[in-house]
Structures are given as structure tokens and as C-alpha cells.
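Fit chain B to the given chain A structure using the hints.
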Amino acid sequence: MGETTTALQASLDRLLDSPGVTGVALVDAVTGLTYGVAGDTAEAGDGSEASELAALIAERLGAAGAEGELESVVTTSTKRQQVLFTVGRPAGDPLLLSAGLDRDRANVALALRSLGDRAGEVLA
Amino acid sequence: MTAPEARNVPALLLGLREEGFSGTVRVSGHPGGTIHLRNGLVGAVETPGAPTVTSALLTSGRIGDEDWLAACAAEPDADRLGGHLVAAGLIGAAEREVVCAAAVFDGAFAMALSPPGSWELSDREPALLAEPGVEPRQLTEETSRRMALLARSGGAPSELTRVRPAAVASSGPRRPGGLARRHQDVLDHVNGRRTPRDIAFALGRGLYAVLLDLIRLEALNLVRWDVKAAPDSRPSTAPRAAGADSPAAAAAPKVVPLPKRRPGGGFPGHDGGLRGG
Numbered sequence: 001m002g003e004t005t006t007a008l009q010a011s012l013d014r015l016l017d018s019p020g021v022t023g024v025a026l027v028d029a030v031t032g033l034t035y036g037v038a039g040d041t042a043e044a045g046d047g048s049e050a051s052e053l054a055a056l057i058a059e060r061l062g063a064a065g066a067e068g069e070l071e072s073v074v075t076t077s078t079k080r081q082q083v084l085f086t087v088g089r090p091a092g093d094p095l096l097l098s099a100g101l102d103r104d105r106a107n108v109a110l111a112l113r114s115l116g117d118r119a120g121e122v123l124a
Numbered sequence: 001m002t003a004p005e006a007r008n009v010p011a012l013l014l015g016l017r018e019e020g021f022s023g024t025v026r027v028s029g030h031p032g033g034t035i036h037l038r039n040g041l042v043g044a045v046e047t048p049g050a051p052t053v054t055s056a057l058l059t060s061g062r063i064g065d066e067d068w069l070a071a072c073a074a075e076p077d078a079d080r081l082g083g084h085l086v087a088a089g090l091i092g093a094a095e096r097e098v099v100c101a102a103a104v105f106d107g108a109f110a111m112a113l114s115p116p117g118s119w120e121l122s123d124r125e126p127a128l129l130a131e132p133g134v135e136p137r138q139l140t141e142e143t144s145r146r147m148a149l150l151a152r153s154g155g156a157p158s159e160l161t162r163v164r165p166a167a168v169a170s171s172g173p174r175r176p177g178g179l180a181r182r183h184q185d186v187l188d189h190v191n192g193r194r195t196p197r198d199i200a201f202a203l204g205r206g207l208y209a210v211l212l213d214l215i216r217l218e219a220l221n222l223v224r225w226d227v228k229a230a231p232d233s234r235p236s237t238a239p240r241a242a243g244a245d246s247p248a249a250a251a252a253p254k255v256v257p258l259p260k261r262r263p264g265g266g267f268p269g270h271d272g273g274l275r276g277g
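For the protein sequence lines, the chains are A and B, in the order given. If you read the first sequence in our numbering, its first letter stands for residue 1, the second for the next number, and so on. If you read the second sequence in our numbering, its first letter stands for residue 1, the second for the next number, and so on.
In isolation and in its complexed conformation, chain A is listed as follows (with noise of 0.2 angstroms):
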């Protein structure tokens, strides 16, 4: 949005600091609209892409019978996962924390599980 480092870019910023993090954005899960980027916005992925995709497989989810809001999506190749986690809001339409992790730097289990439990923070 604008210039000045405001709470949610500071929040995307810490995320950064996750091991093997390269870059992360927080987008809107209904109308795919990118709130904020941190880090390398070509690895964080298409905001509008990564919001079709998840509501994609939301549907598919549900049309097999599965119960419940989508938690996440992890995309793997050789050398990157992409990675898609539900925020949890009291209120208001779904989010979207879309995350690009170099497989080389990382333990990608542990970064993982580092992102996943750390999403509920980006809206504190």
C-alpha cells in the first residue's frame, strides 16, 4: 500500500526470520486482494492466483466430503515448497498467509511447522 512500515508489514517482516522463509505475503482468501508483501514477492506468489487455487481445492475438498474450513495447501518441487495457511480472524472474510521456502536452507518440516504456528500472529 503506501510507504511507511506499518504493523502488518512488521508482522510479515518477523515471518522473514523463519528459517528458509524467502518471502510471504497476506492475501484475501474471497477477492484474492495482497494486503502486504515481505521478502521476495515472487517467491511470496500471486495473491489472486494463491486465493483461486485455495478456494479451488476447498471445493473439491468439500465436494468429496470433507468437513470443514481449509487449513492449508503445500505445493513441493525439487528445490521449493509454496505453501498456502488459513489465518484465523474473529471476524470478516478469510485470509490467506502464501509463503515461498527455499527446500536448501531449510528443514522443511520445521519451517513449516515454525510458519503455521506463527500465521495467527500476522493479524496481532
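It should be emphasised that the hints constitute simulated quantities derived from the structure, not laboratory data. Predicted, not measured: the structure shown is a model, and the values here were computed from it. Where is the CB? At the ideal position from N, CA and C, for every residue including glycine. There's no promise every hint is true.
Here are the in silico distance ranges between beta carbons for each label pair [unchecked claim]: (1) D65/B to A10/A: 26 to 34 angstroms; (2) A42/A to R181/B: 26 to 34 angstroms; (3) L56/A to A156/B: 20 to 28 angstroms; (4) E121/A to S118/B: 43 to 51 angstroms; (5) E71/A to D188/B: 22 to 30 angstroms; (6) E5/B to G68/A: 49 to 57 angstroms.
If you want the footprint, here are the derived chain A segments under chain B, 3+ residues with CB under 8 angstroms [unchecked claim]: (7) 23-31; (8) 56-66; (9) 93-103; (10) 112-124.
For chain B alone, kept in the frame of chain A given last:
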């Protein structure tokens, strides 16, 4: 100031951004609206076509009415109200940014659904602001993206906002396990009379988000609508009234003139009864 000579609102905002303008742009039209600028950045967009930040926070229950009134009393300057809400612990600073930014983009989208009329600039007016504000170019690009996506998904965006979706009666159980909660909420508010704007206000959600959810529900064959049923050419911003070609009007009984009193008492059609009495 060259900005008022701009050919359209996006160009106007870009010009005002270069000037670092702080003030208000009133745009006439249907629905029209008010754009609040601070240092050239868009801090708030208020339009009858979409819920404001206040609507989003209160209708969704994110902030209770009493807490809101207390906050407004403690901080009468709307420009600083957002900071006060955070300081009072009613909302997180980052969440406030999200809510305010979402309202800016949604308001701009709603205003873009029909051609704007004229505009005029005025001094700064207090408003609950997204801080530091949204770049006009980003606002224009996002609005264009939304229009294009809707055009691909469900037809002309301006027509989509005028439909009055109805639940599909034969859809059976509403798949409580398979529907997201927000989809179920939208479905619960669909009744064949409400427009997407009505539903957005009822839920305290963005107009664009509600439109996307309605398109999704239609794809699942849970709602339907007829675009041709809308009689006018703009989003609904007026009090609800059944259109001439609406189902309600079609089902209305034949109009019968009111009975007239006759000299000597009695009503036509009731004479026999009166005579009999």
C-alpha cells in the same frame, strides 16, 4: 492545480497523488461516492454501493456497538479513531489495516460499476482511514482486475450487481459439511428480493466478495438469477420496491377500485347484506 481537468477519476487520482493532495473528492453518479485522500494516497472510499469500514466492523460483530460508541466519544476525530480502536484493544493494528484497505478497494469497485458523473474537490473531511493509504495506481489496477474477472465469470459486472438471486428449491440439503461458512451465510440471505449489495450490507462484507461467492453458489446450482429481471441500469441503492416485472408484481391480485359510499348509506356489493339486515 491540473488534476480537476483530468479525463476520468483514475487520472484525477493520479494527478492528485503527484500533488500530494489531502482532501476530499466527491464523485456524482449512481452510486457515486466520496474519496478521502491524504498526501495523495486514498485513505477511504465511502459510497452507497458498498459497506464502509464502520459497517464491516459493526455488522460482523467484530466490534460491539457499545465499545464503538465509547470509542467515538473518546476520539471524536474520525481520522484518529482507527488508532484509538487499536490503543483500546478493540482490534489489532494489522487487522485494522486489513479491514480499512479492503473497504477502500471494495468502495472503488462499487463506484466503478457505473460511469461516474462530475467530481469536485473540497477540504479534508474526517474519515476512518487506511494508513498510510492506497496508491491510486494500485487501486485502479485492482479494480480493473476485479471487473475483468467478473466479466469472465458471470457476465457484465454492472448487471451482476442488480440481480436478485434466489435459492434453488430442488437443491435439497444445503450440504452443511461441504459449504464454507461464508457461503452458507450468503445462502441464508438469498431470498429472491435482495441484491448482492443488500446481502453485502446485511453481512458486513464487501460487495465484490459477495458477488464472487454468489457466482460460486450458482456454479454449485444452489442459487439462480435472471439478469433480465433487473429493470434499471445501476446498482440498487434505493429503498426496496418490487419491480413491475418482478414475481411479486406478477402474482399481485387484480386491482379493484375502492368501494364508494352511496347517498343513503351502504356500499356497492354490500347492499344485499344491508338490505337483508
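Each hint tested on the structure:
Hint check: D65/B to A10/A, Cβ distance near 31 angstroms, so the stated range 26 to 34 angstroms holds. For A42/A and R181/B, the hinted distance range of 26 to 34 angstroms is satisfied, since their beta carbons lie about 32 angstroms from each other. For the pair L56/A and A156/B, the beta carbons lie near 24 angstroms from each other, so the given range of 20 to 28 angstroms is met. In this structure the supplied range 43 to 51 angstroms holds for E121/A paired with S118/B, their Cβ-Cβ distance being about 46 angstroms.
The supplied range of 22 to 30 angstroms is met by E71/A and D188/B, whose beta-carbon atoms lie about 24 angstroms from each other. Between E5/B and G68/A the Cβ separation comes to about 55 angstroms, which falls inside the hinted range of 49 to 57 angstroms. A count of 4 residues in the segment 23-31 of chain A with a Cβ less than 8 angstroms from any Cβ of chain B is obtained; the coverage claim is therefore met, three being the minimum. Taking a C-beta to C-beta cut-off of 8 angstroms, the segment 56-66 of chain A contributes 6 residues in contact with chain B, enough for the three needed, and the coverage statement holds.
With 3 residues having a beta carbon nearer than 8 angstroms to a beta carbon of chain B, the segment 93-103 of chain A meets the requirement of three or more and the stated coverage holds. Under a criterion of three residues with beta carbons nearer than 8 angstroms to beta carbons of chain B, the stated coverage of the segment 112-124 of chain A is upheld, 3 such residues being counted.
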